[in-house]
Amino acid sequence: MTKKVTFTLDGKALEAREGQTVLEAATDAGIMIPHYCWHRSLGNPGNCRMCLVEVEGTPKPQVSCRLPAREGLVVKSLSPAAKRAQTSALELHLVDHPLDCPVCDQSGECGLQDYYMGIGRYVSVLREDKAHAKKRQVLGPHIVLDQERCILCTRCTRFVAQISKSHELGIFGRGHNEAVDLVPGRTLDNPYSGNLADICPVGALTDRDFRFQVRVWYLDETESICPGCSRGCPISAHTSTQRPWHNKGRRLARLKPRVLDWLCDEGRYGFSDFDSDRLGRLTAPLSEVRSALQTHRDDLAVVASGSLSNEDWKAFKSLFVDKLKVKRFLFTPEPDQVGSEDELLRRREKVPNLEGGRALGFGTEIKSLTWESLGQDIAGGRVRSLYVVDRDPAKVLGEKLLHKLELLIYQGPRMGKTGGLARYRLPATDWLEENGHFTNFQGKIQEYRQALKPLGDARPDWKIFADLEAGL
Amino acid sequence: MAMTVKTVSRPSRGLLEQIYIWEVVRGLGITFRHFFVNLTRHILALIGLPGKPGAATIQYPDVPAVLGARARTRHRLLRREDGAPRCTSCLLCETICPARCIRITAEESPDVMVEKRAKTFDIDLGMCVFCGHCVEACPVDAIRMDVDFVELASYSRADMILDMDELLKPS
Chain A
227 MTKKVTFTLD GKALEAREGQ TVLEAATDAG IMIPHYCWHR SLGNPGNCRM
277 CLVEVEGTPK PQVSCRLPAR EGLVVKSLSP AAKRAQTSAL ELHLVDHPLD
327 CPVCDQSGEC GLQDYYMGIG RYVSVLREDK AHAKKRQVLG PHIVLDQERC
377 ILCTRCTRFV AQISKSHELG IFGRGHNEAV DLVPGRTLDN PYSGNLADIC
427 PVGALTDRDF RFQVRVWYLD ETESICPGCS RGCPISAHTS TQRPWHNKGR
477 RLARLKPRVL DWLCDEGRYG FSDFDSDRLG RLTAPLSEVR SALQTHRDDL
527 AVVASGSLSN EDWKAFKSLF VDKLKVKRFL FTPEPDQVGS EDELLRRREK
577 VPNLEGGRAL GFGTEIKSLT WESLGQDIAG GRVRSLYVVD RDPAKVLGEK
627 LLHKLELLIY QGPRMGKTGG LARYRLPATD WLEENGHFTN FQGKIQEYRQ
677 ALKPLGDARP DWKIFADLEA GL
Chain B
716 MAMTVKTVSR PSRGLLEQIY IWEVVRGLGI TFRHFFVNLT RHILALIGLP
766 GKPGAATIQY PDVPAVLGAR ARTRHRLLRR EDGAPRCTSC LLCETICPAR
816 CIRITAEESP DVMVEKRAKT FDIDLGMCVF CGHCVEACPV DAIRMDVDFV
866 ELASYSRADM ILDMDELLKP S
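Heads up: the protein sequence lines correspond to chains A and B, in order.
In terms of this note's numbering, the first sequence has 409 at position 183, counting the first letter as 1, and numbering is strictly consecutive.
In terms of this note's numbering, the second sequence has 872 at position 157, counting the first letter as 1, and numbering is strictly consecutive.
It is possible that some hints are incorrect.
[Said to hold, decoys possible] Distance condition first, Cα-Cα at most 25 Å in a straight line; then the derived BS3-like pairs of lysine-lysine:
#1 A:K670 with A:K474
#2 A:K540 with A:K670
#3 B:K834 with A:K361
#4 A:K474 with B:K834
[Stated by the list, open to error] Pair ranges (Cβ atoms, derived):
#5 A:F398 with B:C846: 45 to 51 Å
#6 B:P854 with A:V485: 16 to 22 Å
#7 A:G669 with B:P854: 49 to 55 Å
Honestly, the hints are just simulated from the structure, not real lab data.
Beta carbons: idealized from backbone N, C-alpha and C, even for Gly.
All chains, please: the whole structure from these sequences, using the hints.
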């Protein structure tokens, strides 16, 4: 149990752990003191000087990111002296900043803009020309650097040193020539590189994927859960639906981490094809699908995806286990849905919610086939009909084998190879188009919300299962 | 909410209204009054005496209409000295446009100091309200509006949409 201390910030009594900095304690209490270099996961080098505050009893303003809270400390972050100090720091940051907000992607969510409008509003006394540096330098597959916009807060170099531990970036030169750059011979290519665009408080590091697609003020944010792997990181889905000609017509513009600080590149950039290859309309009435299921209930195998929500799994169980008493299930991820993992976030299982199925006994009590045994069963004629939920057996087993089936029903958001072969196609919503819950590998149940309207006839999977069951 | 009913009595018609002739004469009286008042005012103006100006009809299209000094008409996109369009595709005009008649998509500019340029720039003059906010918002003076009279008419709605090539043509 750490000792608590009480100090005063702008006339308000705040509690802090002993040794915690004033800036951190204020942020925890929901009070914003301007800052660039401090980040809760990247430490406090104290080089940006934006968090200057007035401390009673000291003659000069102090940086609150390196000022430990102690009992009886009286801090003012809004006093005229503190504001003057912060404004001067901001003015120095903007000395060589090109002020190219109109073409900068960060515009609208930029720390410089926010603090200028919030505390700055000074009239610039700078008479010299701005210094120029490298612009539009592609650092790696996801990030592009503009050295002119950089304020040298060193968040990015600390990220590659402490979090991704890949050390691609460094600060080179001294004084006026100081600049962030790639370590010679390296490219910024680590599994977490996309985070640099998030942590950069200005427009120096921007996202190549998002670059020039849509201005940030046209985006809507929805709380969601990343379906990229079984970690289930909380994310914020930024969607562009107000003006369809932006973002190349795609509705999903970008994903940002929400509760956690980071998001891996696989999750961040894995869903840019969200709107492509979608199933459009329902091609046959459900009653026809029902009677086909009835006739084939003995030789039916069900291939289910780990992207079903907990709600979907429940309806799935009720239809296939309780009602149709299907014996053969396959829950194993496709070979390319198993990838690399690391200690930070990424998990091997690249589907979000097999755990939710396991909680209902799928893959534990109800055994799963393997892809090989399913292939053998189809080849041997033991399985003559297949119900596929958002999986692509045609890709794994080959199209030729699936031609042996008498009945192939495909349910899912995207066509894939299997969708093209299926006799019945049931369009389902994808995760951003429905409300639901995912259970991650730790058993944590997390809610995701609907961000977009379903395309075509798409409906949530649980509704399709429930409708099929209701008529049987 | 309960419907409010208000009973209104019909105006009663007297004998004069019912025989119509008097009403026709009264109506013609108004027409002739305007005719003679205007005639007098035009004659007074012609011989240089003071008085209110007479009503005028413009003989459009033989005589072009005279626009107010503050009138703004068709949009023009401007070019840099090197001939490239000035527009950096910042989308401020599209954002401020109250009629939502501007549609811009952006792309990388080959010039690294320019960075961003417009790939397409469409203005739907059928929706434009000619408020001039786009001109005000532009940070690089890339868009201006004509002040002289331009006949904005076409046979279809699609033809009212001007693309970048058309907007870049000098007036």
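Hint compliance check: list the failing hint numbers for this structure, sorted ascending.
Violated hints: 1, 6; rest satisfied.
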